[in-house]
Every structure is written in structure tokens, then in C-alpha cells.
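J.: In case you want the letters, here they are:
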Amino acid sequence: MNLNIDYLAKLSKLSLSEEEEEKLEKDLEKVLDYMDYLKNYKFDFYLDLAENKSTMGEDDLVKKFADLEDLKNTFPRKNGNYLEVPAILKENKAYKKK
Amino acid sequence: MAIVKSIKDAQKKLLNKELNALDILNFYKNKIEEDQGKYNDILWTSYDLAEKQAKIIEEKIKNGEKLGKLAGAVFTIKDNILIKNYKATAGSKILDKYIASYNATVIERLLAEDAMIIAKTNMDELACGSTNETSYYGVVKNPINPDYVPGGSSGGAAVSVKANHCLIALGTDTGGSVRQPASFCSVQALKPSYGRISRSGIIAMASSFDQVGIIAKNYDDIFLTFEVLNGKDLNDLTTIDDKFLISEEEKLDKENFKIAYSSKYFELTDKADLYFDFIEKLKQIGFQCDDIDLIESDLALNIYYILQPAELSSNLSRLDGIRYSQISDSNDLETLYLENRSQGFGEEIKRRIILGTFVLSADYYDAYYKKAYLLREYLKSEYEKIFANYDLLLIPTTPSLPFKLNSKKDPLTLYKEDIFTVLANVIGTASYSFPIEEKENDFTYSIQILSPQFKEINIYKFLSEIHK
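Same order as they appear, the protein sequences are chains A and B.
Reminder that position 89 of the first sequence reads as 89 in the working numbering, one-by-one numbering, no gaps.
Reminder that position 287 of the second sequence reads as 287 in the working numbering, one-by-one numbering, no gaps.
Here chain B stands alone, though its shape is the one from the complex (with noise of 0.2 Å):
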């Protein structure tokens, strides 16, 4: 059990005096060292940091000044986001001597509000995989059981929450890389739509996908940082005015409320009659839900598969040694290249690098580039007209449960790990993953909903109705 079991119950324990931020602070810093190496999620650690936010609480207190919205929660961060001062890897050997020098916007908001920052998180190296068994940190284990993966890219940060090594993770998700582990450790996950939150100081992956993600054990913890990470920031202009915010009032009205789903898609699960009982209790209490005809997921998969690897590759272009941290001391510049990309990458960044060239190269640009690109818009268009009728869709998060470390080694293979969660980051709108099971610890299904983009209000009021 947890010291804490939300963010407002930290806040009331705060305020009537049952803990102080320190104390709230030590339980996660005592199970981290406890645990340590034993699931590898924690890559370092920044106690000080969080000491210096712990201090800040328990001044205001005393002073009986108004706490900041996240006081009482503990943090960790996905190693490709920004903490300035602190190491930010990507859990690749080529950022591996890089230290940031300034804090990405997420880190900024998160401290305005009083969060404390405990550690940053082992992924996939920069962002790539379903398993976290990419990383140059090594591999992650699944603590429901150590001997399966914990998915990945965020693999770190979904076993940090499940082990109780913090309350909320912060991750990001370019192809499911939030909801996908969240899923295999049976916590719940939240990509926001394509805009709402900042992507300035994370290292960027594939640029027209890229989304910070939040994972916790509750909705109004994950929904809460949302309020606070989102909105307008000029350091990142995809950034849309229009803000987030938690609305208590708006009741949600189930007759005019249209929920879609696909059978087609259940089906393509492994426990397909797990979903359709999802859906039954629904209806029970009372909302409409419609069988609807989606488009195959192999399309929404195979447009991620290029684009992706197309915008990595340009992204990475970055990493060439000059610049963050470097391996080679050679004096020629094309040694010095060749050798800190060769040496620093591993072998899945250069296979996406040499597919994403391979899309983009002149011969193969009109076949597979912008045909791709053309699908995306195509199918947004395709996804709008759905959204045009339905508030929410509901589809699974993965077609299976976790597996075995070691067990899937074809690229292929995992690619298709993917299928159900690429769809949110190809046409940019939110979704939200979360168990459709109840077992205390045994891994469970998810169902991911999605919202029209910039409707992330329709999911919140979605989870407090069938919450109550």
C-alpha cells in the first residue's frame, strides 16, 4: 500500500497535519532504494530536487499559504524530457554524457505547482519499442511479474507507478508509448491530442506524433496534471490557445451522449468477450453505445510505420557528436560522425533510421512517403465524420497481454504490438487506456477511449459517470 492514495488525498493529510511533504516524500524514496535494480525503471534519482519542492510545501503550510494544485504528489519523468542540470538520455549511448540546460515547459509547470520530482525513467532507447528492452540502460521488468516485459517506450515510467515508486509518471506517447505499458502493468494512461501539451525540451522522435503522456492508478490524478501541463506555450507554436480545464458542473447527459465501438476490432483480441461485457454494463447503465464499421488498423499501423521512421530519421540527424555528448575523440569530421552514430545508436534506431532514408530517398518518396502522408489525411478526414456522430470511440489498447522478456525478436512483430494505439497519434485526438479487469495483481485488458480532438472533456466526464 501506498502512503498516498491520490493527489487529494496527499493534499488533505497535508493540510489536517496526519503527514508533511517530507514524510510523503521518504515513502517513495525508501521503496525506490529498496527495489533498487530490481525492475530497473529508475535510471537516477533527484532527491535534492525533490527536497528543495518538499520544503517549499511545508513552508506555505506554516504559513498558511494556498498549496499549488500538484502539492503532496510525488513525480517521476521519462529520461527524454528535460530537468535542467540533470541527465537526459534518452536511454541511448549517445546522449549518455548529455546534461540538460534547461527545463522542458512540462517540468516548469509541473514545479509552479508545487509537484515533487523523485527520479527520471529507463524507455526504450529515444522512444523506440514496445518491450523497453531497447534501452542502453538495459531492459525493464514487469513487477506484476519480472519475467515479462512491462511494454514500452515508457516502460520505466508505468513500472514506477505500479511499483509505488511514485504516484504519477510523466511519459510521452508517439505510437502508443504511454498506453501500451500502462496496459501491461494494469495502470491507467492518458495521450492528450496532438497540441495540448508542450513539446518543448523533449527530445524529439517523430515530431508530427510526439505527445507527453501521463500515467497513475486514477483518472483524477492523471486528469488533474493534465489541467496543469496543458495549454498555449511559445516555445512550442502547435500549441493551441484553448485550455483544458476540469469542469464539475457540466453533467453529463446519456441520452445525448453517443458512444461507438467496433466488434471488428474486439475481435482482433485475444479475450474479444471481455470487451463485448464492457460494453453490455454500458448500456445496463444506460448509455448508447453503436457497433460501428471502422477502417482496418492495418492502415492507420502502415501510415505510422513510414512517417515515423521518416521523421526520426531526420530527427536524429541531431545526434551527430558535435553537439550533447560525445563518444568519438576523432579529428575528422566524417570519423567523428560515423563513429558516434555507429557506436552510440543500437540496432533498432539504425533499422528505423535506414527505413525512414529508405521512405524518404528519391526513388521511394512518391510510394511510400507521400502516399503515406495522403492516408493521414485521409483518414483523419474518414475519423472526423465518425466524430461528427459519436462522442467517443472505444477501442482496445493491445491484442494481447504481456509476454515473456526475450520472447519476440522480429521487428515485424512488435511493429504490430502497435496496432490498436498508433490510430490516436496518426489522426491526433486524445485516448485514454485503462484495465477493463479486476485482479489486484495479475495482468489485466485494456480499452482505450477516444475522444474528437480537444475533447478530452467528454473522456473526464465519461470516467467520473461510470466512477460514480
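Next comes chain A alone, as it looks inside the complex (with noise of 0.2 Å):
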């Protein structure tokens, strides 16, 4: 088995040093090995995971959130009524026009 810790911390969107990787991947490794006991279970079964909605309700119903708000109180930066993000998209001074 290739843990690759790394990778796996790139897709968490998660910075790890050194010895936090070391550290995990150790960890793991036994997690891992204890879970090799699944290889007892063998199916003679088949169940399409997209067919099971044991756990489904009705349509979702949409609500207007009570107050504005307060949940605009629950943004970390805002500007007006917008959620302040850092800009995805940056400035390309080749196309500005002259």
C-alpha cells in the first residue's frame, strides 16, 4: 500500500510538516493493517449505492433564513451585503484597454 501522505494532504487542502506527516502516516499504517480484516468478508451480494435511499426523505423545501442579518453577522469579512473573498481571478494588464 502507497500512503502517500502528501497527496493526500494537497486533496484535505491541509499543510502538514515534516513530523505531522511522519507522525500520520505512521498512525495510519496501523489503522490500516487492522483494517485488513475486512479480507474475511467475501459478497455474494450486489447493492447499487445509488439505488439505497434508506435514509431519503421528500424534496428539499426552501425557506427564506429569518433574519439577513444575522447571518451576515456570521461572515468573517464583509463588504455591504456580500461574503468578502480573496480574488480568484487576478488583473491581466495585457488585455487593459490602452
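Calculated directly from the structure, the hints in this document are not laboratory data.
Remember, predicted model here, so these are calculated numbers, not experimental data.
A few of these clues could be false.
Under the rule of at most 16 Å between Cα atoms (straight-line distance), these lysine to aspartate or glutamate pairs were calculated in the EDC-like manner [what the hints assert, rightly or not]:
{"no.": "1", "chain 1": "A", "residue 1": "13", "chain 2": "B", "residue 2": "332"}
{"no.": "2", "chain 1": "B", "residue 1": "416", "chain 2": "A", "residue 2": "27"}
{"no.": "3", "chain 1": "B", "residue 1": "87", "chain 2": "A", "residue 2": "70"}
{"no.": "4", "chain 1": "A", "residue 1": "78", "chain 2": "B", "residue 2": "249"}
{"no.": "5", "chain 1": "B", "residue 1": "350", "chain 2": "A", "residue 2": "70"}
{"no.": "6", "chain 1": "A", "residue 1": "39", "chain 2": "B", "residue 2": "332"}
{"no.": "7", "chain 1": "A", "residue 1": "26", "chain 2": "B", "residue 2": "410"}
Grab the two chains, each in its own frame, and use the hints to assemble them into the complex.
T.: Shown next, in the form of C-alpha cells:
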């Protein structure tokens, strides 16, 4: 098994120190060794994951949030009614009008 | 000694004017102030909210109006349950500045029945842990012996009940998180069937396992609270239409009430004899108890520790620093994500996120996530067969008594603490844990009573019978 912690951290948006990575690798290897237990079980039935709706209820209902101000108060950074986030698209000078 | 023994006792004393609501509230308030920091179970108090409720109760008594079902009962709330205008950190630095903008459905239901909410309780970070040592706000200590862990993740909740900081505590239970700490603190707890209590306003950990749980010192208080909390909620479409109601009329017919237990499971604990003695006592009072062969407990634990981190890693992706609470002030998006999540999450959360991401990753999805998912369905069907023949199943709550703080560090060893509790979450049934020894101020072993899904009434009837 190849437990590529570096790659998994990237997928999880975590930056880990070398020390953290080493410890994680050791801990998780032990956990995955224990999970070898599952190899005792072979399947003789088929189940479509997408078809199993045992925990699904009816369609979602759209409701208006009682007080918009309360919701806005949970924005760490805001600009008027907007939740402020760092820019994703940066200004590209090459296309700037002369 | 607490000022009131139960909800019923509190209401009797309120109505005959022996006590008023503020007297009751002040008793718990003083206890919290007196013990400040001693066990670290309380994160933030909500005295103003509780006082408002106390005044409503006093008004109702003055005007001769009917009291709510929970009038006189003082509650603590685990910090992953939202109360409007109060902090909700779930024990994590990543939510340190988050203030809830709405009430969880369970909070609305408590307030509507005149409950007094006094404080929010400490917990393992984002409900991950079985010792309450992973909270950003420090470890919680066991009131029976402060050198020992109180269990987790609802450690603060169980301690608040044991230490008389409240009458009843709400916690959450994803893999044993109310039953295990209740057992370690020698109190009682109910994890209802999946779909009974709304999860709206609960900070999600593993959504197909999460359920609100109730901790108290007696079953009457737990079931009265359960009756108030359960039932359909349009904000959580997994809640079912059928509502649990306490029914005193229906008598338990011992001849047609069948209990299963597994001696194999009892023998996995440090003190099997205690459990066998308990079964003997049940037989003596006329219960029919059969020793049945159960699937090894390791199967449920394996399924749980694959599906739970998978669901957690996906649920916690919302904690990115953009919403709720922010640590980094970077103006670069990628850096903002990385800094918030790396500084905001503790070691155990990072471990589970990585594990969850691993079992969901393309190369390993079939071998882990999908296999565990299918085995969960298999396990459910196997237990359906058992519950077709039995009304209750008795298994231990924990393999051992509480251990010392800082004594167990290896994650796998800690995961194995959940060996008996995860089953009810994996198959979605109800489970009630209570001590089977009577010791005033010492650790005790507890037993779990599992009922078929949505058959909490079996547990209630059984407890009423043995407490006669």
C-alpha cells in the first residue's frame, strides 16, 4: 500500500509539517493494518449505492432565512451584503484598454 | 445532593411553592461558579437565557397556566449544538469566533417546553474522541476522580450531569459519544434511533451516524426529554413522521418479551461476571434471556472507522475560513484555505480527514469505502433478523473502566474504546446505557440495551419494569 500523505494532504487542503506527516503515516498504517480484517468478508450480493435511499426523505423545501442580518453577522469579512473572499481572477495587464 | 432529583420532583416543588424557578436555577449556577475550572466541563454560560425562561415559568405559575413538560429542568448543551447568539465552537479553534445565527431544532423544542438552558459544554474537537482530551479548550476531568478521563466526545455533557451543573445534558452520539462518557461518569444516556431527533442546527460530523443524545441520572428524565425532542422536522428530512410518546398504560408482558445477549461480548470486558450476574437477576424476575451468537464486534468497528472519516472529511470541507470563523488574514485564496485549516484543526481531526480522504480516493474507494458501505447494509440485515425474534439486545457499553488522563495515546487503541458502542450507530438502532453496579462515588461498569430501530418503547417498558 502506498499511503501518499503528501498527496492526501493536498487533496484535503492541509499543509503538514514533516514531523506531522511522519506521525500520521505511522498512525494510519496501524489503523489500515487493523482494517485488513475486512479481507475476511467476501460478497455474494450486489447493491447499487445510488439506489439505496433508505435515509432519503422527500424533496428539499426552500425557506427564507428569518433575519438576513443574523446571517451576515457570521461572515468573517464582509462588504455590504456580500461575503468577501480573496480574488480568484487577477487583473491581467495585457488585456487592459489603452 | 442536588436541589431536585428529577423533572417530576422539580415540578412538584414548583407547584407547591416549595421552590421557585430561580431557586432551582441558582442552585446549578452556584455549583458551576463554585467548581469553576475544576473539571473544565463548562465552556460558556447562558445565565441570561436561563433567567428569561425562569421568569416565564414564574409568570405561568402566577397566572395558573399549564407548565411546559420540561419546566424546572436545567439543561447544558454540547457546544456543537447551535443556540442563537451564543458561541458554537464544537471544541475547535477553527470555529473559535463563530456565533450561531439560529437555534437548532432541539433548542427550539426545549425552550417551547420551558426548559432552562444554563451553559454549553466542552467536548472532543468536532466530536472526535473518546477521552475528551482533544478539545481546543483543554481536557475535561472526571468528577469521580479528576486524574481520570471522563470519556468522550460528550465528556463535558456527562461531567455536567455528574457534578450537578445541570439536571440533564444534551450531547451528540456518532459512535458512542453520549453512552461512553455517561458510562465513565456513572450516569445514564440514550442514543435514539437514527431519524428520531432532528439534526438541524447540529454541527455535522458523520451525517449518516450523527444523532442527538440525552444524558441524565434517571431514565424518567431521559425519556421525558426524548419525548419532547423527537419527531418530524422539515429541516431534517431523515426524521420520521412517527413520534415516540411515553405510554404508561401498555404493560410489559414478560412471557412474550424476549431479550438476547451475547456471552462472547461479555467476555471481552474486564469483568464478565458482572454482566452474567445481571442476566441472572433478569431471569429471576421472570425475563426470558437467550445467549445468542453475534457477529464479531470488530466488523462494526471497521465499518465505522472507514465510513465515519469519509463522511467527516467531506463535511469538514465547509470549514475553510471563508465562512463562520477566520484565523488567517491572507489575501490569497489558496493560502487562506491552507492556513485556516492547518492552524484551525487539531491532530485528531487532521488524522481523520487524511484517513477519510484516503478511503474515498480513486485507487482505494472499492477496497475501503464501497466495501464498508456494503458491509454496513449486510450488518443491518443480519441484525434485522435478530430483532425479528428479540425485543432487546444487551451488550456491554465499554470494555473497561475509565483510564488515567494522558495514558492512552495510540489512535488505534483509542478507536477500539468504541468497540461496543459503534454498533447502534452503524445499524441505526436505539441504545440506552446505564450502570449495572451501585456505587456512590466510584467507577462502574455499564450495560447497553439496544432496541430495534424506532422501538425505544421497548427500552422504556423494560426500564419501568426493572425499576418497579
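J.: Compare the structure with each hint and give your call.
T.: Tested hints:
Taking the CA atoms of residue 13 of chain A and residue 332 of chain B, the gap is near 14 Å; set against the 16 Å cutoff, the hint holds. For the suggested pair residue 416 of chain B and residue 27 of chain A, the alpha carbons sit about 14 Å apart, so the restraint of at most 16 Å is met. Restraint check for residue 87 of chain B and residue 70 of chain A: satisfied, since their Cα atoms lie roughly 13 Å apart, inside the 16 Å limit. Straight-line distance between C-alpha atoms of residue 78 of chain A and residue 249 of chain B comes to about 57 Å, which puts the hinted pair past the 16 Å bound.
Distance hint between residue 350 of chain B and residue 70 of chain A is unfulfilled; the C-alpha atoms sit about 31 Å from each other, more than 16 Å. Only pairs whose Cα atoms come within 16 Å are accepted, and residue 39 of chain A paired with residue 332 of chain B is rejected, the gap being roughly 45 Å. Distance restraint check for residue 26 of chain A and residue 410 of chain B: the Cα-Cα separation of roughly 10 Å lies within the 16 Å cut-off, and the hinted pair is therefore satisfied.
Comparing the model with each earlier hint shows violations of hints 4, 5 and 6; every other hint is respected.
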